[in-house]
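Given the coordinates of chain A, work out where chains B and C should sit on it, guided by the hints.
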Amino acid sequence: MTKMLIATTALVGVLAAPVAAQTIGVSIPAATHGWAGALNFHAEQTIRELGERYPDLQFVLTTTPDPSTQVSDLEDMVATRNIDALVVLPFESEPLTDPVRRIKESGVWTTVVDRGLAQDGIEDLYVAGDNTSFGRTAGEYFAQTLSEGDKIVVIRGIASTIDNERVAGFQEAIEGSGIEVLAMEHGNFNRDDAFTVMQDYLSRFGEIDAVWAADDDQAMGALAAIEQSGRQDEMWVVGGAGMKEMVQRIQQGDPQIPVNVTYPPSMISTAIELTALHFMTSAPITGEFIIASELITPENAENFYFENSPY
Amino acid sequence: MSTATTDSPKSAGWSIDLRVLGPILALLALVALGMFLNPNFLSYANITNVLARSAFIGIVAVGMTFVITAGGLDLSVGSMAAFIAGLMILVMNALIPVMGAGVGIILVGMLVAIVAGLIAGAINGLLVAKIGIEAFIVTLGTMGIYRSLVTWLADGGTLSLDFAMREIYRPVYYGGIMGISWPIIVFAVIAILGEIVMRHTAFGRHCAAIGSNETVARYSSVNVARVRTLTFIGLGLLVGIAVIMYVPRLGSASASTGVLWELEAIAAVIIGGTMLKGGFGRIWGTVVGVLILSLIGNILNLTDMVSPYLNGAIQGVIIILAVVLQRKRSNSR
Amino acid sequence: MTAPVLALRNVTKSFGPIEILHGVNFDLRPGEVHALIGENGAGKSTTMKILSGYLDATTGTVELDGQLARFANSDAAEAAGIVMIHQEFNLAEHLSVEQNVFLGREIRRGLLLDHKTMQKRTAELLARLDCRVSPTARVSTISVPDKQMVEIAKALSRKVRVLIMDEPTAVLTESETEVLFEQINRLRVEGCAILYTSHKLGEVKRIADRVTVLRDGSVVASGPIDEFTEDTMATAMVGRELSDLFPPKRRGGGEVVLEAADIHVPGHVSHASLTLRRGEILGIGGLIGAGRTELVEAIAGLRPRTGRVTLFGKELPAASVAEATRRGLVYLTEDRKGAGLLLEKGMRENLTLPMLSAFGRPLISRRKEEEALTRAIQDFQIRAGGRGIAVGNMSGGNQQKLLLAKTMLPDPQIVIIDEPTRGIDIGTKQQIYDLIHRLASEGRSIIVISSEMPELIGLADRVLVMHAGRVSGEVSGEDVNERAIVRLAMGLGEGSKETAA
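Residue numbers (numbering that gives the first Met the number 0), protein chains in the order written: chain A, 0 to 310; chain B, 0 to 332; chain C, 0 to 500.
Isolated chain A (complex conformation):
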């Protein structure tokens, strides 16, 4: 992903040419949890930078707490701001599919980010992380590191397609490794809920070798519960999405947090930049950009540490 960004930035220098003023609408979920907060951070930063670079580009950013508000936001954008392009991270796939298709059919250039629509081929550009890869990457690490008969517990996120894909990827990867999954409960991408679930796992199971928390907020909660029980030496925890604090601890070689898996919130920047380029350059930009998850290890951790990000 990083590579591609560099490439496109280079392109800009060469091909930038004055065009008539264009308006790009950006619609993303509100900052209700850490990852979404980082998403907002990156979106705002990118818009600010692009706005300075291309005075002809106008941006409209909306953040929404639920799918139906998002639909209303999109309608407003088309009706009152007369957007030429749309960058949308659908809150949920199904309810947003039809509204986005209608906007696309009205002639707006459309980029869909992360959560794919329920129908293929609507959008011009699709930029996404890969949830199956997110789960698989973590699962492969578990399969390599643990041996047959080792016991793990899983804290899942909010029941959703994302969560299902991650868990499916994880389960596929550990299949045949002989690792025993003791339990899977939902921590809802929330520290407090994950803390509670982990406390109860610790009461319930006398032996746990590792925890897959599927998200760094959940991992933070799980770590606090493990610390309370005094069983830090018994198990390690893998979260996901590359939270600043986690990356830092991996860098420091914390044995409790050996690795992490990326799911970069900066993908929104990629999406907005590519959409801007569609207008500002003549480079053909369509298709899919899937950003696979990478494993963060103590060796490569410094590449994943972003000082200014809130996440």
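Honestly, the hints are just simulated from the structure, not real lab data.
One thing to keep in mind: the hints can contain errors.
Capping the alpha-carbon separation at 27 Å, the derived lysine-lysine pairs in DSS-like fashion look like this [claimed, not checked]:
#, chain 1, residue 1, chain 2, residue 2
1, C, LYS336, B, LYS129
2, C, LYS336, B, LYS276
3, C, LYS48, C, LYS336
Part of the chain B face toward chain A, derived, beta carbon under 7 Å [said to hold, decoys possible]:
#, residue
4, PRO38
5, ASN39
6, ALA44
7, ASN45
8, ASN48
9, LYS129
10, SER147
11, THR150
12, GLY156
13, THR157
14, TYR173
15, LEU249
16, SER255
17, ASN297
18, LEU301
19, PRO307
Restraint-style ranges between C-beta atoms, simulated for each label pair [said to hold, decoys possible]:
#, chain 1, residue 1, chain 2, residue 2, range
20, A, TYR304, B, LEU262, 32 to 40 Å
21, C, SER364, A, PHE204, 53 to 61 Å
22, A, ARG80, C, ARG104, 49 to 57 Å
23, A, GLN231, B, SER42, 13 to 21 Å
24, C, ASP334, B, LEU106, 46 to 54 Å
25, A, THR68, B, TYR43, 26 to 34 Å
26, A, GLU147, B, ARG169, 31 to 39 Å
Cβ coordinates follow ideal geometry from the N, Cα and C atoms, glycine included.
This is chains B and C only, laid out in the frame that chain A set:
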């Protein structure tokens, strides 16, 4: 109303006992179920966990009982808790260079939480009691305001307490005396005080009178606006105290802190037998209600009995059952 | 004599183990007004509810047109033309008059409501009742007597054969009562059978053709009205000879204890003044809506006001009930159920509510409260099923006594009593009159507001009369008579000397 004399002098007596027993029976049934499903259920660690995690909602729910008894409602407590937690962390982090990491900062942080709670409660209370806007609308508004404020303070991310401070502050949640952790002690003390205030002081009696019939209370020279404001201020104070216990647990606050606390607290109050329309409230019932809610989650986590997708459904069924159990008896009159 | 349209034959009614109606026989005939009278708790309401299908008889039968009738519920009875008007109105406060009249039986045109027709029909009904309320007015905004008229209009809108009225005049002034009587007469002529209850025996004597007296669940007397006088009715109800209803008057009149000057309550009272002396009973008369209640509520700190109130020589600040109570002035509301008592709470909680700080601080002493309740039960002769009974389940008379006890708890020097005997039977009335006199002879000063003329005349040393928010005059001594008060209440002040305002 002359029939009323004739047809119901007998009603009061025996129905009350079953109303009292309803929530307790539900609690005992859950404990029995827990023991049956997992031998670790009654372990010291699990009991401590359940009681300690009940403490936040519990402390808030005690205050909520007064608000509801006086005919009010407060939807803002969850957001208020998140906001106060965020504010407290920011202030404490900011003071480290000035005061140096130490107990002093924690005391300042606690003071911030309490003062912020009092102010937030007073804002709700004055808008409801003096300006006369419905509690539902006022607190729906402040709910949104505090939730946005904490998101804004955290820049959409998570506010984390400095690690050095976290180590000093930790014992407030994880420590205790004689094996009983602090949150449990604080919760118990507040519940007992709340029960005394509700049952044996003029303030508690005035709350019930206002919730029962505001006009009667006003005509009986009860200062309705003052009492009603005080219920919200008291709730704000208790939210502050709950936050003091909450922050040392994870050392962080974010936009997802305290989500749905308000509904859990209201549910606990109602399960405990307090009337949602006001006029009658009991603190011990609220405590039972909080424990019921915590135990449901705990038991579901301790077993694989049902799909985790159905956790919410199980909770819903038990909440409704606990209330039906007491209402059925009281309707017989 | 015509055959009865609706009748009870040997009806008993038990609630649990307690039988409260014992073999009641009762006939309602077309074109006849049959008054059912009795003290609170005598079984009047139960009898009415059995007749109108709200309750089933335990034994015995209800006969409609001579046939055995069994109403599944009140709707079935209404379908048969039997309509009951409750004392507490059955009106949806937030709906309009017209919506209330046709509630549940809306006239439709296709799928939609036919507002035009319903409004027209409502207007016709109201015109018949001489009621000037607009069909589109919201019920919550109209006066209590108008609500009564809406209830009657509602009954008239059905083909009513039997109309059962539970104390319809309790909330009406005399002139409004006249209008109601005209309507009753009209219905009587049309062949409607009417059951009428009232505590006002003078009215019964005037309007009824036949009287049945209930006492403790049994019929103790029944017959054509000509066989009864007010005295014989009262004696039958109470079961003992009633001495003179009002104790002999005594001259009050020590120093001035309360002085209200130029009181103004927006929308209700303007430029009203009054003075009250130690040991005096001051009456306030006037029509409902004349601003009497608003004036005294303003004095007692329950309403915002301008003007000056001086209590024992010191000014009393506006809008502070607690301050007025502390300085010895209390107000007993006319709205016993809405503003006086917490109906779902017990007697103890109600009694001590205004004075909780006197029962221990910070913790309330339950023992002291129980003692106070015991004293109140004795002093005010409260008879309730048990100490723990919810106040809403007590009879009106006992509620009123409890309210008096509660009001007297702070040991006030000035007591303002609004409609002291509304909806109360004659035996209890007498007790309350005695009590008011006792308070005055102890040196307390009393203000009594009443819509019952005999009550004002019988109790008060001096009567202030209000009309349309102003004090229209004052009568005292020998001049306290019905004619003078009515003239002032109608705004015809010339007949009497004007002293106030």
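Each hint, compared with the structure:
1. Taking the CA atoms of LYS336 of chain C and LYS129 of chain B, the gap is about 25 Å. The hint holds against a cut of 27 Å.
2. Restraint check: the Cα-Cα separation between LYS336 of chain C and LYS276 of chain B comes to about 18 Å, which is no more than 27 Å; the hinted pair holds.
3. At most 27 Å may separate the alpha-carbon atoms for a hinted pair to count; LYS48 of chain C and LYS336 of chain C meet this at roughly 21 Å.
4. The closest approach between the C-beta of PRO38 of chain B and any C-beta of chain A is roughly 10 Å, which is over the 7 Å cut-off, so the hint fails.
5. For ASN39 of chain B, the shortest C-beta to C-beta distance to chain A is roughly 5 Å, which falls under 7 Å, so the interface hint holds.
6. The beta carbon of ALA44 of chain B is positioned within 7 Å of a beta carbon in chain A (closest approach about 6 Å), and the interface hint is therefore held.
7. Interface hint status for ASN45 of chain B: upheld, as the beta-carbon distance to the closest one in chain A is roughly 4 Å, under 7 Å.
8. Using the Cβ-Cβ criterion of 7 Å, the hint placing ASN48 of chain B at the interface with chain A is satisfied: the shortest such distance is roughly 5 Å.
9. Given hint, LYS129 of chain B at the interface with chain A, is violated; its Cβ is 31 Å from that chain's nearest Cβ, farther than 7 Å.
10. Of the supplied interface hints, the one on SER147 of chain B is violated, with its beta-carbon coming no nearer than about 9 Å to a beta-carbon of chain A, more than 7 Å.
11. Interface hint status for THR150 of chain B: upheld, as the beta-carbon distance to the closest one in chain A is roughly 5 Å, under 7 Å.
12. For GLY156 of chain B, the interface hint holds, since its Cβ comes within 7 Å of a Cβ in chain A; the closest pair sits about 3 Å apart.
13. Checking THR157 of chain B against chain A by beta carbon gives a least distance of about 5 Å; that is within 7 Å, so the hint holds.
14. Proximity of TYR173 of chain B to chain A holds as hinted, the smallest CB-CB distance being about 6 Å (cut-off 7 Å).
15. The closest approach between the C-beta of LEU249 of chain B and any C-beta of chain A is roughly 5 Å, which is under the 7 Å cut-off, so the hint is satisfied.
16. At a threshold of 7 Å, the smallest CB-CB gap from SER255 of chain B to chain A is about 5 Å, leaving the interface hint in force.
17. Given hint, ASN297 of chain B at the interface with chain A, holds; its Cβ is 6 Å from that chain's nearest Cβ, closer than 7 Å.
18. With a least beta-carbon distance of about 5 Å to chain A, the hint placing LEU301 of chain B at the interface is held under the 7 Å criterion.
19. The interface hint given for PRO307 of chain B is met, as the beta carbon of that residue sits about 5 Å from the closest beta carbon of chain A, less than 7 Å.
20. Remark: the range hint 32 to 40 Å for TYR304 of chain A to LEU262 of chain B is upheld by a beta-carbon distance near 38 Å.
21. Between SER364 of chain C and PHE204 of chain A the C-beta distance comes to about 54 Å, which sits within the given range of 53 to 61 Å.
22. Under the hint 49 to 57 Å, the C-beta atoms of ARG80 of chain A and ARG104 of chain C, about 53 Å apart, fit the expected range.
23. Taken as a hint, the range 13 to 21 Å holds for the pair GLN231 of chain A and SER42 of chain B, whose Cβ atoms sit roughly 20 Å apart.
24. For the pair ASP334 of chain C and LEU106 of chain B, the beta carbons lie near 53 Å from each other, so the given range of 46 to 54 Å is met.
25. Checking the proposed 26 to 34 Å range against THR68 of chain A and TYR43 of chain B shows it is violated: the Cβ atoms sit about 46 Å from each other.
26. Distance hint check: the CB atoms of GLU147 of chain A and ARG169 of chain B are about 37 Å apart, consistent with the given range 31 to 39 Å.
The structure does not agree with the numbered hints 4, 9, 10, 25 stated previously, though it agrees with the rest.
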